[in-house]
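Using the sequences plus the hints, can you model the full thing?
First to last, the protein sequences are chains A and B. Its first residue numbered 8, the first sequence is counted upward by one per residue in this note's numbering. Its first residue numbered 8, the second sequence is counted upward by one per residue in this note's numbering.
Quick caveat, the hints were computed from the structure, so don't treat them as lab data. For glycine and all other residues, C-beta sits at the position ideal for the given N, C-alpha and C. Check the hints yourself; a few may be wrong.
Unchecked claim - So these bits of chain B aren't anywhere near chain A, every CB distance computed over 10 Å:
id, residue
1, Leu77
2, Pro83
3, Arg105
4, Asn109
5, His151
6, Thr156
7, Asn164
8, Ile231
Unchecked claim - Stretches of chain A that chain B covers, calculated by requiring three or more beta carbons in the stretch to come under 8 Å of a beta carbon on chain B:
id, stretch
9, 189 to 195
10, 199 to 207
There are 2 protein chains.
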Amino acid sequence: MDGMIGGSGDREAMLQVARELRGEIRAGRWLDRTTGMARGMVQGNLVVLPSEYAADFQKFCERNPKPCPLIGMTKPGDPGVPVLGDDIDLRTDLSCYRVFENGTATGEVSDISRYWRDDMVGFVLGCSYSFEEALMQDGLIIRHLEKGTKAYVYLTNVPTEPSGPFSGPTIVSMRPFTPPDAIRAIEITSRFPDVHGAPIHFGDPSMIGIEDIANPYSGQPPEIRPGEVPVFWACGVTPQIVLEEAKVPFAITHKPGHMLVTDRLNAEFSTT
Amino acid sequence: MDGMIGGSGDREAMLQVARELRGEIRAGRWLDRTTGMARGMVQGNLVVLPSEYAADFQKFCERNPKPCPLIGMTKPGDPGVPVLGDDIDLRTDLSCYRVFENGTATGEVSDISRYWRDDMVGFVLGCSYSFEEALMQDGLIIRHLEKGTKAYVYLTNVPTEPSGPFSGPTIVSMRPFTPPDAIRAIEITSRFPDVHGAPIHFGDPSMIGIEDIANPYSGQPPEIRPGEVPVFWACGVTPQIVLEEAKVPFAITHKPGHMLVTDRLNAEFSTT
Chain A
8 MDGMIGGSGD REAMLQVARE LRGEIRAGRW LDRTTGMARG MVQGNLVVLP
58 SEYAADFQKF CERNPKPCPL IGMTKPGDPG VPVLGDDIDL RTDLSCYRVF
108 ENGTATGEVS DISRYWRDDM VGFVLGCSYS FEEALMQDGL IIRHLEKGTK
158 AYVYLTNVPT EPSGPFSGPT IVSMRPFTPP DAIRAIEITS RFPDVHGAPI
208 HFGDPSMIGI EDIANPYSGQ PPEIRPGEVP VFWACGVTPQ IVLEEAKVPF
258 AITHKPGHML VTDRLNAEFS TT
Chain B
8 MDGMIGGSGD REAMLQVARE LRGEIRAGRW LDRTTGMARG MVQGNLVVLP
58 SEYAADFQKF CERNPKPCPL IGMTKPGDPG VPVLGDDIDL RTDLSCYRVF
108 ENGTATGEVS DISRYWRDDM VGFVLGCSYS FEEALMQDGL IIRHLEKGTK
158 AYVYLTNVPT EPSGPFSGPT IVSMRPFTPP DAIRAIEITS RFPDVHGAPI
208 HFGDPSMIGI EDIANPYSGQ PPEIRPGEVP VFWACGVTPQ IVLEEAKVPF
258 AITHKPGHML VTDRLNAEFS TT
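Right, here's the structure in full:
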């Protein structure tokens with residue numbers, strides 16, 4: 008199933024690809040990652056929580072829009088997110104989910120129908136795939152994609168603003184650029200506030216508590232070439248860590264890379 | 008004559024202040040700089056050239072929009088720029104002009120009526136005052152304004168794209184910021200493409216040919232505090248130098264700081 012470059016392709020064709028992919032996932036025929044698929048379409052991170060935690064988590068997202076850009080939320084017990092696609096069913100439409108009990112991952116499944124309860128609330132958060140596509144369309148090279156590895160992810164000492172049981176440090180992803188490319192990347196990502204927006208830092212990693220840039224929290228050691236500076240964006244791993252730390256009795260998330268493919272175009276998420 | 012903060016004030020009141028100031032200048036009663044006056048209103052750099060050079064200079068501006076953002080241009084012999092204000096007369100509406108003969112400044116005058124000819128073409132270029140106001144409204148502190156000095160201006164090795172006799176290096180102004188403030192400043196100024204737009208560089212000055220950051224081309228030695236990086240914007244001094252280098256037989260510019268005060272709001276020049 009081949010994706011198309013967003014914005015340059017035909018809207019209906021891109022939408023068709025997204026719906027077909029979601030259909031394959033729903034039918035249990037696609038169990039792999041969605042990275043790089045259904046190009047041009049917004050993919051989202053998922054968090055599912057019992058409704059008693061929903062108000063606090065929603066507030067946490069609102070207070071920390073850069074790491075937790077909330078782009079969709081369900082009613083309690085309702086697995087639909089019509090704002091992201093008419094037929095979306097959060098119980099079946101991701102290719103792999105992680106189940107958490109008291110903050111510990113206890114399983115990975117490709118369907119959460121049997122875990123779904125009538126007090127479940129689903130949160131869909133914007134993800135960096137959308138802005139990475141915009142950066143690439145502008146001709147910028149994203150190092151970890153160029154090298155075919157996962158994103159370079161770091162723990163910082165920048166606190167999130169807490170809400171109820173939810174708190175913790177901001178997690179960032181790093182992309183190295185020359186200063187002119189970094190400026191262009193800041194310009195572009197600032198137009199995507201719903202998918203992490205502009206970076207939170209560039210340059211000296213120790214200013215945000217990163218002691219060793221060669222040693223990421225996750226991902227390979229990065230290659231930063233002469234004349235390049237590391238640029239740091241708030242990352243969707245932040246809510247995952249926050250959720251684990253909060254040790255809520257029960258929660259479900261997507262497995263990293265296995266995202267919700269929506270019916271919304273990345274281009275629709277640009278503010279200009 | 009007291010200005011108002013753009014955007015927060017009443018449009019009509021701000022316009023009134025601009026028109027009154029322009030009236031005082033036209034009448035020869037205000038001969039001083041316009042820096043910080045008629046707040047909220049766009050001020051512009053001026054270049055006046057014989058029409059035989061106009062096409063090349065217009066193309067030079069179009070090819071180099073960051074240092075030379077063209078916001079208004081007259082017809083040959085017509086001193087009006089209705090797009091910037093119904094009653095503007097470029098012969099009388101600036102408080103100080105510089106006259107150039109063969110690339111050398113030969114005089115400063117407060118009225119160029121006696122120099123104006125029916126083959127004269129006026130160019131008005133956007134200036135950094137507009138984006139500095141937007142930065143300050145966002146709470147950012149601009150060091151040279153905080154210290155009450157002129158902008159820190161540097162010669163770079165970044166070439167402009169030539170057009171006819173017009174060519175030369177890009178001149179930049181530098182403002183030091185912490186990385187998060189620099190990111191914010193990039194976000195904000197990228198929304199003002201008609202007043203220099205986003206910076207062209209940050210960090211290591213030698214990457215753009217600046218050997219000694221402590222020794223600007225003009226302005227005092229800057230204070231760059233620990234944790235700050237220098238951020239460099241293309242500067243309106245660029246066309247002045249280019250004009251001098253081109254050694255056109257006759258040209259007139261504004262005197263730095265003595266700008267054309269227009270009827271356009273800075274807010275109108277924001278793309279979002």
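Legend entry - In rising order, the numbers of the hints this structure does not comply with: none
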